[in-house]
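Number of protein chains: 2
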Amino acid sequence: MFDVDGRCYGRRFGGPGGNATGINTALLKERKRQVGVVFSGRQSPGGHNVIWGLYDAIKAHNPNSTLLGFVGGYDLLGRTKDQIRTTEQVNAAMTACQALKLDGLVILGGVTSNMDAAHLAETFSESKCPTKVVGVPVTLNGDLKNQFVETNVGFDTICKVNSQLISNVCTDALSAEKYYYFIRLMGRKASHVALECALQSQSNMVILGEEVAASKLTIFDITKQICDAVQGRAEKDKYHGVILIPEGLVESVPELYALIQEIHGLHLHGASAENIPSQLSPWASALFEFLPPFIRKQLLLHPESDDSAQLSQIEIEKLLAQLVETEMNKRLKEGTYKGKKFNAICHFFGYQARGSLPSKFDCDYAYVLGHVSYHTLAAGLNGYMATITNLKNPVNKWRCGAAPITAMMTVKRWSHGPAAFLVGKPAVHPATVDLRGKAYELLRQNASSFLMDDVYSNPGPLQFDGPGANAKAITLCVEDQDYMGQIKLLQEYLDKVKSIVKPGCSQDVLKAALSAMASVTDVLSMMASPSGGQLPF
Amino acid sequence: MFDVDGRCYGRRFGGPGGNATGINTALLKERKRQVGVVFSGRQSPGGHNVIWGLYDAIKAHNPNSTLLGFVGGYDLLGRTKDQIRTTEQVNAAMTACQALKLDGLVILGGVTSNMDAAHLAETFSESKCPTKVVGVPVTLNGDLKNQFVETNVGFDTICKVNSQLISNVCTDALSAEKYYYFIRLMGRKASHVALECALQSQSNMVILGEEVAASKLTIFDITKQICDAVQGRAEKDKYHGVILIPEGLVESVPELYALIQEIHGLHLHGASAENIPSQLSPWASALFEFLPPFIRKQLLLHPESDDSAQLSQIEIEKLLAQLVETEMNKRLKEGTYKGKKFNAICHFFGYQARGSLPSKFDCDYAYVLGHVSYHTLAAGLNGYMATITNLKNPVNKWRCGAAPITAMMTVKRWSHGPAAFLVGKPAVHPATVDLRGKAYELLRQNASSFLMDDVYSNPGPLQFDGPGANAKAITLCVEDQDYMGQIKLLQEYLDKVKSIVKPGCSQDVLKAALSAMASVTDVLSMMASPSGGQLPF
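The listed protein sequences correspond, in order, to chains C and Z. full-length UniProt numbering applies: residue 1 is where the first sequence begins, and numbers increase by one. full-length UniProt numbering applies: residue 1 is where the second sequence begins, and numbers increase by one.
Hints listed in this document are in silico derivations from the structure and should not be mistaken for laboratory results. One thing to keep in mind: the hints can contain errors.
[Said to hold, decoys possible] Derived lysine-lysine pairs resembling PhoX-like cross-links, with alpha carbons at most 20 angstroms apart:
(1) Z:K236 to C:K297
(2) Z:K318 to C:K318
(3) Z:K338 to Z:K178
(4) C:K340 to C:K224
(5) Z:K341 to C:K297
(6) Z:K340 to Z:K236
(7) C:K236 to C:K341
(8) C:K330 to C:K318
(9) C:K340 to C:K236
(10) C:K236 to C:K224
(11) C:K318 to Z:K338
(12) C:K224 to C:K333
(13) Z:K297 to C:K341
(14) Z:K101 to Z:K59
(15) C:K128 to C:K101
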């Protein structure tokens, strides 16, 4: 445990002051508070800036208030590093909070950590533990996204650092004219990072896990897609290219996913890695034997604490490069491909981006979230997440708030995945790339130009000063994510209708309004019913 | 071929104007000139800025002058991509220069390219071809270093981009506390990039090829060194670390080098990769069989055009990580090591840095070199390299000049390496890290602190604006490299002695001066003799 004494944790770039949260601080009681803060789960750039904002807010309201940080996050909270879930872990956390007389506990993390924060809040409340729990959306994966949360601290940095490196590789590819680069990106199950990086760098191809899952593409379908692209480019005398692969792809490919599930099932039943291959079903065994030895070894790794595969250790980009090479050689031999020999170079951009200094956007976002989490605690809210919306606009237009984490939970009725134990229970689920969203639409519109025309774009290195320092993620800016703003707009429409249709208005107006509103409510009622409006995937 | 019409090739950051070369432009004839420019060999950030400077200089002196660029560099000059060496290639180049009526040909590249430029100049001169040839030191390896050349265009960028990524990995290592990262860096045979990155990032360890070669360390010695470091850190309860490996290390390890030489010899005699293992000598065969399959495959790759190994394809970092893991597991089993299990993650930082936007330093350096190369041509010099010294000082203190490339050539009398065909012939040799130099001394002074104390330093991303934008390479700044400045200083001393010791001075003064100068000339004569002063390695 350490006392957060205001030393520099990362960089702060003129983050807005204490009143930027939009909450009238004069209404808050300025009593002395004891607050704890925990980093839960994996690293993400900008986490320290949340602490900075939180510290500044606490001290601004009472210099005698204290902020305590739990070193390593998990030492105190049990043996697991990614979760606060078992009764044992939850009780350990509660004991610590009570012993330290914490008024509040701020948990920084992604989907799992915030869900755990909600459960912790519930348990504390039931047990009359006075510590209020607040979550902060900090995860480079960018998958803690819903009507209240537009993006996560760290996502902007990761995408900028990776896009720069991808663009550098694009320049190299174009200059050398002889290699295809297969680049795997961090980001867990969802492909948000890969999508954003594809838009920023305008690399030739990106294989989104969500597309693969929606179209149920096998590894051979994907191989064929890439081979056709390579062949198409060869016809234009281009023998280079850059292809982005999200690390989660391996779980999106149906047959690989099924194989991983079987392997994890055997792990759960105590089988050792050496013995698993012989215990696989005939189908899974055939697939397993087909795969190259390096990937077999990686698939046999023990699953993560949340039962998912060790995505960072599975070199899916190498598997694809190898399959594409084999197929291109086959086509060359058969004479269906007449170009030069296909050459691939593989990269994994993971750890070198995760430890980056945070981008200016992430610094500001994190710093303000730190303030917001203080005000959320001070308002006595428990089990809430600190939120900021309208992020695509300048900082003085940001809207601060807090939303109950339970309001972000949904119930999944179908799942055969590692999260199957949550089926039927309300949970915060990682948001996948919305294939009907504007960001994906933008990618689709440009996909053939990206593929064929080498319109590579280099966003350059992260800038802290000068032009470019205020750049924001493309996927953040193209989406209309201002949910609360839109609700406000809707209310304005309703008010307007009310003000038009009042005693004294003409019979025609009343008739038209009645008919229109009857139809609108009909449609909305149907859409809002439990079975309506939602597609079964 | 393209007409260089002043479009933006990379970024220019207020590079000094046309008169920055220090040459009095009024003295130059302003006649119309036709100049060609070639990128020779591998990519390096900043090359386009040389073109920019060259173009600006040419147009400033006569708007009707033309700059022609040879697309791809090698298309015109023969089938090889890295060299202009065979009679066929040289003649093709001469024919092209004559057909295009080129007054000058500017060749951008590293050691090989500049040596080829010198040979080209000689042939042109002998054949009365009027084209003057000028070389420009552009290579990310930083190994074209001598009394005239302090650093190369691209080196600063590569080191900054890599140091940032290494530092990010250091942050990650310190945060996760469970991995050792083995990072291989580009830079060919010499370890300049690795040394600079080690100083910038203050990573735990760096294995310099020059140290390994000087101490004749085997791969097992290196493994033991790393294992001892891991064990030492474990005793302080540290289970993470970052170790830098230059890609050239594989050629510095005596037994691996000998093995590679044998393999290349068999390649030269037409053996196919499949047949080579069975034709190795018993000793080489034993070593080969000991190595893991992935590295065997990589060692069998066909050598580069200059007969050296395909360093970018040989995963020496993985070999070391694997050997260290095996040794640590052995020590654990034997009880000589009592810490936690050793875990390694490997990275290769190559292509993602090489295509980066150039740093501000490289932009300026390249832009001014472009100007200098114009003035060198305009002065009628042939076979010269454009140079700038005093680079560690602000731009207005830089000293521009040109030096005959032949003056940079030395004769190696011993070599059993890939450059053996050059033994006895004058050649420009890649400069290795000077183990008696100040930069290496700085590393040695800090090595134990870097190793044990995790004093990681993150230079942050390349900045184009604001504080940090003017940062320069540490190895550039610690060395006293102002050769021409020092010669000038010496001349001042000589003049001073002359002005003191003249008719009218006392007998004592004359006697003392005579005695001192006799002794100085004695020592210098001995040192300057062919066999003196130089150590046989």
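The hints, checked one at a time:
1. The hinted pair formed by Z:K236 and C:K297 fails the criterion: a straight-line CA distance of about 32 angstroms is larger than 20 angstroms.
2. Distance check on the hinted pair: Z:K318 and C:K318 sit about 15 angstroms apart at the alpha-carbon level, within 20 angstroms; holds.
3. At roughly 15 angstroms between alpha-carbon atoms, Z:K338 and Z:K178 fall within 20 angstroms of each other, so this suggested pair holds.
4. Distance hint between C:K340 and C:K224 is fulfilled; the C-alpha atoms sit about 18 angstroms from each other, no more than 20 angstroms.
5. Taking the CA atoms of Z:K341 and C:K297, the gap is about 19 angstroms. The hint holds against a cut of 20 angstroms.
6. For the given pair, Z:K340 sits about 12 angstroms from Z:K236 by alpha-carbon distance, which is consistent with the 20 angstroms threshold.
7. Our distance criterion of 20 angstroms between C-alpha atoms is met by C:K236 and C:K341, whose separation comes to about 15 angstroms.
8. This hinted pair checks out: C:K330 and C:K318 have alpha carbons roughly 18 angstroms apart, not beyond 20 angstroms.
9. Under the criterion of a C-alpha separation no larger than 20 angstroms, the hint pairing C:K340 with C:K236 is consistent with the structure, at around 12 angstroms.
10. Among the hinted pairs, C:K236 with C:K224 is consistent with the structure: their alpha-carbon atoms are about 19 angstroms apart, no more than 20 angstroms.
11. A C-alpha spacing of about 35 angstroms is found between C:K318 and Z:K338, which places the hinted pair above 20 angstroms, so the restraint is violated.
12. Only pairs whose Cα atoms come within 20 angstroms are accepted, and C:K224 paired with C:K333 is accepted, the gap being roughly 16 angstroms.
13. A threshold of 20 angstroms between alpha carbons decides the hint, and for Z:K297 with C:K341 the separation of about 18 angstroms falls inside it, so the pair holds.
14. Note on Z:K101 and Z:K59: the hinted pairing holds, with a Cα-Cα distance of about 18 angstroms set against a maximum of 20 angstroms.
15. With a C-alpha separation of about 13 angstroms, the suggested pair C:K128 and C:K101 falls inside the 20 angstroms cut-off, and the hint holds.
Going through the hint list in order, the structure does not satisfy hints 1 and 11.
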